[in-house]
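Note that the protein sequences, when read in sequence, are chains F and G.
All residue numbers for the first sequence refer to numbering that gives the first Met the number 0, where the first residue is 0 and numbers rise by one.
All residue numbers for the second sequence refer to numbering that gives the first Met the number 0, where the first residue is 0 and numbers rise by one.
Think of the hints as simulated: they come from the structure by calculation, not from any bench.
It is possible that some hints are incorrect.
A pair counts as met if it fits within one copy or between any two copies, since identical chains are not told apart.
[What the hints assert, rightly or not] Calculated pairs, SDA-like style, for lysine to any residue (alpha carbon to alpha carbon, straight line, at most 25 Å): (1) Lys321 to Arg75; (2) Lys321 to Arg76; (3) Lys321 to Glu72; (4) Lys321 to Leu77; (5) Lys423 to Gly232; (6) Lys321 to Pro71; (7) Lys321 to Pro83; (8) Lys321 to Arg73; (9) Lys321 to Gly355; (10) Lys321 to Glu80; (11) Lys321 to Leu308; (12) Lys321 to Asp152; (13) Lys321 to Asp233; (14) Lys423 to Pro364; (15) Lys321 to Ala8; (16) Lys423 to Val279; (17) Lys321 to Leu48.
Since the model is a prediction, treat every value here as computed from it, not as a measurement.
Protein chains: 2
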Amino acid sequence: MTIAGLDEASLHSSLRDPLLGSLGFLNEVMDRYPDAISFAPGAPHPEFLTDLDVQRYIERFLDHLRGEGRTPERARRLLYEYGPGRGLINDIVSDALRHDQEIEADPTAIVITVGAQEGMLLVLRALFRSGEDVLAVANPCFVGITGAARLLDLECVAIGETPAGIDLDALATACREARRAGRRLRACYVAPDFSNPGGSRMTLAARMELLALAEREDFYVVEDNAYAFTAAGDAQLPPLKALDSGGRVIHIGTFAKVCFPGARVGYVVADQRVGDTGRVLADELAAIKTVVTVNTSPLCQAVIAGMLLEHGRSLRELSRRKSELYQRNLHHLIGALDSCLGEVRSSRVSWNHPGGGFFVRMHLPVPADADLLETSASRYGVLWTPMAQFYLGGGGEEQLRLSCSYLDIDQIDAGVLRLAEFLKQEVGV
Amino acid sequence: MTIAGLDEASLHSSLRDPLLGSLGFLNEVMDRYPDAISFAPGAPHPEFLTDLDVQRYIERFLDHLRGEGRTPERARRLLYEYGPGRGLINDIVSDALRHDQEIEADPTAIVITVGAQEGMLLVLRALFRSGEDVLAVANPCFVGITGAARLLDLECVAIGETPAGIDLDALATACREARRAGRRLRACYVAPDFSNPGGSRMTLAARMELLALAEREDFYVVEDNAYAFTAAGDAQLPPLKALDSGGRVIHIGTFAKVCFPGARVGYVVADQRVGDTGRVLADELAAIKTVVTVNTSPLCQAVIAGMLLEHGRSLRELSRRKSELYQRNLHHLIGALDSCLGEVRSSRVSWNHPGGGFFVRMHLPVPADADLLETSASRYGVLWTPMAQFYLGGGGEEQLRLSCSYLDIDQIDAGVLRLAEFLKQEVGV
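Extracted from the complex, chain F is given alone in its bound form:
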């Protein structure tokens, strides 16, 4: 009897996508150089993970359930049973969205997901027909959405990005081209506040224009809200969903950054009515979810709900300290780059100055590829993320991404010194 190896060619083809390979490579480099200063991961700062009291948050949510009239035993069991596919904490999330984001969403129009990632998969699966519909994404683009599209064998069309977000003229052109090709540009994915990795932010005018275009060209807008909380307190802009009088926006959020990633809790607001069925899109998403993860861990939902309750059901209160730290870190990183490399800043090497988010993007005069990363890690002890993997259809080969979220001020200072030395010695800037 022979041991059945799996013929690689017999697997689903898109598994061999270079993206997954390059993400694996990055993790592997980080493992090999544990002492390097890493600007690579967009992970939350460890400071926010040390004082988490999960038990207290669970008790806070149990108090809430008992306050609604449940017996202590019934309340506790809700955390351990399967629970509804749509979620257990939708009312609390609904309140938070209304208080801080000006989003009016009925709890039944919300689905609690295993992170924003599952939300993206559910939305694409509900809206898109493979081989027919096209998803527009800003280029460069968050790999979670293009990855979910690839899992479903959906076609993406890459639209350039301006500092004010996705290029709306190019998007309008893509709509017309899709139609001419007998297809349908079904939805456009955008992260209006500090896109990862591009760093762009849509102005209020651009937001209104995108919504008007969606009306005119009949597509939906998939809004990813992950980094909006990092905006300075006096620089908040309304999310697209708050401006969505035409019912064009499906809003995806995550608690990974305002609470903690290990909970794996996110949400989708999908209030669009489905024909004359009496259902809304959230019902369809919850139905699909039953064959993806059945439901989001009620235990994890309880922890998140407890955190929200402890902060008056306010995302803004919950994220205030975090927002301040990330603002500080980002400004510090940009300041350090300006001070260490300002004299060589030119068309050969440059970086953007985003007003929020976790990331700075840098242009080099040479390919920022795996070989260069290996050199940077082994000889200079500094890591970063090659940008090419975020581009659809090529591009970004001479760019890298620097994340500031995970580091302390002194690490940022030391990391930028190493990066400057690396760039001077190896790249000749």
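Dock chain G against the given chain F, drawing on the hints supplied.
Below, chain G alone, put in the same frame as chain F:
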């Protein structure tokens, strides 16, 4: 500006599958008749959810992490960060599989998933090419696997079930027919121990024969191990994976029943080498998982690991009390049916006598449909699950499923009395 309703016809077609509709209907009936005795849900018994001490299990796992040399702070942070896509507790699960199931699986050949459901989706996505490959399932079949196939637009072929599990002759015929049609029967899904809902159990000989057939016809076996723990202690049979000298079996397990559903933790053993890449199938599954849920909540994994550690890394020790209760309940349900309805048992009404699992299947002389369920609920206060929804391509219209897992002995007695009255009055048995 008009509010965009979603045109139902514009959604992905399989959303309108009758299955999801019928599951929704069942939940809705249960909501409307909260005082009915329900043989519908295959949920764990509430007794096992009342004394769960999540905090203790988390501390137990933290002890373990510290024992491996991590600082207290580093150990704690592991629970709150993203963590590896493959999982955090693979070594402990690997030990448990070796101790109790005779499955030798390296931790790197295991992926920890958001329940068995995500595991099914990942396995199908990795192995199958849409439009080309066919999945064989026993008919009737667990809706989780057919649902995952539908999400990926994969074709299923239904194979009849004998008391000794899937009909192997019919399976061999299906392989040949697929080949003749220019397609490939890529894998066969089976739950060898007490399938849900059929209740069949594969003999040791049938297990060996299935593996030999898989070798001969070149397909993979997707083994669902959910109910194996309910076998009486002296009636254990080895899982297919323990007999899998040819590397044909992908083994899927869940902690929903041996621990608790709210953790949403399951696992896949996928040790098949992928070509000459140096990777195994588990690596492919972990890569796909990054675009489904990124990773399984480390917090939930910690709770499950703590439960395993507290029971000497033994699934059998962990599930002993549960196995005994479900055995008792199942035998009690069958005994009550035999005693209340034994005199009318005939070709017109009959039920099976499975040796384990949560479910008894009953044949009626009339359609066991939504109307009959409504009558049963409203006039007799007893609920059950129509079986037709578990059949692919029609069948089972005159069958219902009774679950014993969720109820106490006195509820089973009262429920069977109500069921007998319902059957005598409404069905005329």
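Hints and how they fare:
no.: 1; hint: Lys321 to Arg75; result: between (30 Å within a copy, 19 Å between copies)
no.: 2; hint: Lys321 to Arg76; result: between (32 Å within a copy, 17 Å between copies)
no.: 3; hint: Lys321 to Glu72; result: between (35 Å within a copy, 19 Å between copies)
no.: 4; hint: Lys321 to Leu77; result: between (30 Å within a copy, 19 Å between copies)
no.: 5; hint: Lys423 to Gly232; result: neither (37 Å within a copy, 70 Å between copies)
no.: 6; hint: Lys321 to Pro71; result: between (33 Å within a copy, 23 Å between copies)
no.: 7; hint: Lys321 to Pro83; result: between (31 Å within a copy, 24 Å between copies)
no.: 8; hint: Lys321 to Arg73; result: between (35 Å within a copy, 20 Å between copies)
no.: 9; hint: Lys321 to Gly355; result: within (12 Å within a copy, 51 Å between copies)
no.: 10; hint: Lys321 to Glu80; result: between (32 Å within a copy, 15 Å between copies)
no.: 11; hint: Lys321 to Leu308; result: within (17 Å within a copy, 35 Å between copies)
no.: 12; hint: Lys321 to Asp152; result: neither (37 Å within a copy, 42 Å between copies)
no.: 13; hint: Lys321 to Asp233; result: within (16 Å within a copy, 56 Å between copies)
no.: 14; hint: Lys423 to Pro364; result: within (12 Å within a copy, 84 Å between copies)
no.: 15; hint: Lys321 to Ala8; result: neither (46 Å within a copy, 44 Å between copies)
no.: 16; hint: Lys423 to Val279; result: neither (56 Å within a copy, 41 Å between copies)
no.: 17; hint: Lys321 to Leu48; result: within (11 Å within a copy, 35 Å between copies)
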